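Residue numbers (our numbering), protein chains in the order written: chain A, 348 to 603; chain B, 184 to 583; chain C, 3 to 251.
Misleading hints may appear alongside valid ones.
Pairs of lysine-lysine residues, derived as DSSO-like cross-links and limited to a Cα-Cα distance of at most 30 Å, are as follows [stated by the list, open to error]:
1. LYS260(B) to LYS432(B)
2. LYS356(B) to LYS467(A)
3. LYS213(C) to LYS514(A)
4. LYS220(C) to LYS514(A)
5. LYS514(A) to LYS108(C)
6. LYS273(B) to LYS356(B)
7. LYS516(A) to LYS108(C)
8. LYS516(A) to LYS34(C)
9. LYS538(B) to LYS432(B)
Note that these hints are calculated values from the structure, not bench results.
All values reported here derive from a predicted model rather than from experimental measurement.
Here are the chains, one letter per residue:
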Amino acid sequence: MKRVLPILKGFAIPVFIIVIWQSLSMYIQNSFILPGWETIIPVLIHPAEPLFGGASLFQNSLISLQRVLYGFLLAVFIAVPLGLLCGWSKSAEDYVNPIIQILRPVPPIAWMPLAIAWFKIGFGSLLFIIFIGSFFPVFISTIEGMRSIRIRWLEVAQTLGATTLEKFKTVVIPGALPSIWTGLRLAFGVAWMCLVAAEMLPGTSAGLGYLIMFAYNLGQIQVIVAGMIVIGVIGIVSDSIFRIGQTRLFGWQGKE
Amino acid sequence: MRIWYLPLICFLILFSLVLGYVFLSGVDVSSISTEPEVQFVYATSGIMPQLLNTSQVDAFFVWESVVSTADLGGIGKVIARDADIPPDRKWENTACNVLVMRNSFITEYPEIASLLSAITIAGIQRIHEDPDEAMNITAGWVYGSHPIRSAGLTLNPIELEKNAFPHINFTDKARLPDPGYLQQSLYDYEMTLKSPSSRENVTVYTRALELLTGSEPELSHIPPYVRIGYLPSADLYAPLYVSIMGYEKICDRYGFCLVPDSHMSGRPTECQLRVQNSTITRIRLLPGQVGGGVMTGLGQNAIDVAYIGSVPSLMQISMGNPAAIIHSINAGGSGLVVDDSAPCTDWDSFIVWVKSRSSSGRPLIIAVPQSSIQEEMMREAFEYEGVQISLYGLPTFGAL
Amino acid sequence: MQVLVLKGISKRFCDDQAEFQALSDISCVIHKGEIVCLMGPSGCGKSTVLRILSGLESSDSGTICGSDGDVFDPVHTAMVFQEHGLFPWLSVYDNIAYGLRMKVRKIPQKQIAQKVHDLLSLVHMEEFANVLPHQLSGGMKQRVAVARALAIEPEILLMDEPFSALDPFSRHELQDEVIRIRDTLGTTFFIVTHNPEEAVYLGDRIIILSKRPSSVRKEIEVSSPRPRDLAEPEMIHLVREVTGYVSSG
């Protein structure tokens with residue numbers, strides 16, 4: 348019972364919202380403002396049925412998830428080594444930092460017109476947008492992670508005979524990993540949001556963002572709400588995976 | 184050293200996803216076909232010239248003045264207009280854009296609805312009376328009268344409109360299209376959620392014609408303001424632009440008109456509905472991005488009146504949007520643009536090109552605005568020519 | 003036998019504003035198997051001496067010679083810091099094995115396992131091999147740190163105020179442990195401490211530095227037999243003497 352109670356508490360507000368939503372929707376009687384759950388739920392419980400003659404809800408989610416993973420992993424494979432380099436070498440940081448700081452506040456979606464010209468409509472430009480969105484959190488938290496490494500650990504490693512490379516492998520990377528992991532978690536969230544937003548822009552023909560935009564053009568608000576729920580659920584599931592990983596892998600963090 | 188499992192786990196996730204994807208798409212057996220094929224890309228009108236110029240699409244089919252921008256800007260050549268698109272000049276006098284109103288607005292303020300319709304018809308008349316003034320107003324509204332840069336060339340907006348206007352037939356009498364092919368493309372979606380009572384509302388139009396022939400407006404019930412949605416990037420809404428910017432002549436002739444709040448701007452955001460020199464109500468002009476979005480806004484009570492494409496409004500009305508079409512504002516105004524080097528000069532040679540490219544395994548990519556009359560025209564025309572349509576970039580799934 | 007001979011070691015530090023002489027002229031000799039305690043007023047550079055010996059810093063002048071009379075190689079030292087400095091992401095076992103796994107040592111995997119088990123039993127931590135450091139008490143962590151340092155078989159084990167952060171009980175336990183380890187393995191200990199009782203209890207010899215810029219002010223031999231009892235008058239006298247030298251700088 349003690350375990351179930353917090354979960355029940357978590358469900359209380361969503362249930363409350365759904366009840367209020369449903370009663371309001373029955374009162375307003377306008378499916379463009381508040382579609383009833385009797386129209387939203389059928390969309391959700393038939394995820395494999397094609398929507399608007401195109402891909403199904405399930406396929407659209409899979410396509411979005413796949414895009415986001417490619418872009419995210421691309422960003423990780425570039426941002427982590429670059430962050431490690433900039434955290435390790437002051438000179439590298441001096442070179443890289445100003446441009447990073449200028450580009451960081453630019454919303455990834457603002458790159459879309461250029462991305463379409465450089466990387467073509469469809470997969471290439473979306474990949475670029477996701478890359479831009481997830482690069483900075485990973486890069487910055489990698490540098491942060493490098494900063495959080497105690498000099499004492501490096502000294503211990505040195506007195507025990509570690510070479511520079513060995514220090515890097517056995518102290519710097521494991522010491523910075525918790526922070527990098529936090530960066531990955533943040534970045535995945537950002538990437539997911541960027542993707543859905545980018546898919547709403549022209550040039551896509553599948554994905555959850557596309558589905559929402561298509562539904563908007565057709566005035567099918569219940570499909571929009573169903574899409575939003577799926578986006579949220581995928582977001583929360585991926586975040587919990589990262590969170591579980593964090594407690595499993597870095598239980599030592601903040602406890603020494 | 185368990186930390187080194189992390190990259191491994193990442194790789195495993197990626198690998199399984201790729202594997203899953205390959206597996207799922209590998210069982211595809213349906214798309215093997217010997218029929219010629221083209222691919223559609225949905226794009227907004229604004230980026231279509233860029234897409235053609237960067238060879239990302241082979242052709243685009245869209246409305247004026249985007250077509251003229253590409254034509255005069257050296258981006259491509261126009262090989263077909265509405266009348267050239269099969270079957271058999273069907274589209275020449277088919278409504279491309281219409282005036283739509285929400286049913287509840289019509290019911291509550293029938294006289295205001297009729298006045299707005301009458302002013303729109305008056306705007307259409309003004310375009311025919313003084314095309315030069317109409318082009319100036321439209322150039323100012325759409326482009327702010329500033330020169331337009333296009334792929335290295337600088338275009339004069341007035342010249343652009345001179346090129347565009349002859350291809351648009353401004354009329355309130357065009358018949359409505361039947362977006363059957365578009366609806367068919369959404370075949371598996373329940374289109375008939377609610378059967379629409381009627382697509383058109385004739386009483387508003389009839390009363391508008393009466394108002395134009397001298398009947399006195401009966402102003403008993405007046406809304407505090409009226410919200411009008413439209414797409415500011417198209418020439419096709421010139422009747423709206425002309426009725427507002429050229430209000431003086433309409434005021435003089437009929438006694439009612441839309442007067443812009445600011446005479447400084449070529450694209451006002453607010454104006455007043457005046458009858459016999461007294462302000463009746465305020466009008467807010469709300470620019471939208473796509474017709475479907477404006478239509479959804481209409482359903483959401485965020486917009487009362489809209490000037491939008493006939494197909495998006497018909498589709499939404501058939502799916503239960505409580506609105507009605509009052510009358511058309513134009514027919515035609517679309518153009519098919521291809522690269523200057525493309526081996527075609529008209530529709531027939533275009534179809535030859537489509538077929539040869541399809542058989543060489545690189546089907547043509549054509550950009551169209553999503554759920555527009557242009558998409559409907561292309562769908563019907565390619566059906567007529569026996570060409571299959573697929574969506575560009577859509578992964579193929581088989582057994583899913 | 004001499005394991006370490008320091009002659010005229012000096013060290014200057016520069017920071018943004020100022021430059022100061024930390025060590026002016028440190029000379030001393032350390033013999034094999036000795037426990038030498040290094041004391042001095044705070045800020046006199048005790049730790050700097052250890053850091054120079056461990057190779058973390060270099061001296062500006064002076065020579066350090068090893069047992070064979072050649073220049074001393076810091077590879078032969080290991081260091082235990084005040085705050086254990088264990089790697090929090092490694093288990094106790096992996097922490098101890100850390101130094102053994104470095105390439106310079108070229109120790110085969112099997113031998114490492116044997117060695118780590120020996121060390122675990124030496125510091126009575128056998129049951130904790132797979133535990134992460136944050137689950138251990140302060141005294142246990144410092145045992146692991148000592149074991150980790152001993153693993154690489156240093157000629158001389160440097161300890162920088164190793165027990166000052168511990169509670170009195172764990173501190174006494176670990177002090178006895180040091181003596182026991184010296185007796186079993188014959189390791190030489192060079193321990194910086196600010197606690198006169200600790201110096202008198204542990205040290206075979208106590209070297210006291212002067213104020214900055216420091217040099218060796220006094221060397222005191224402690225020849226009392228072990229186990230020592232700090233309550234004995236002789237010991238009390240010695241503690242007082244050491245305290246006097248340290249506080250008067």
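key: Numbers of unmet hints, in rising order   = 1, 2, 3, 4, 8 and 9
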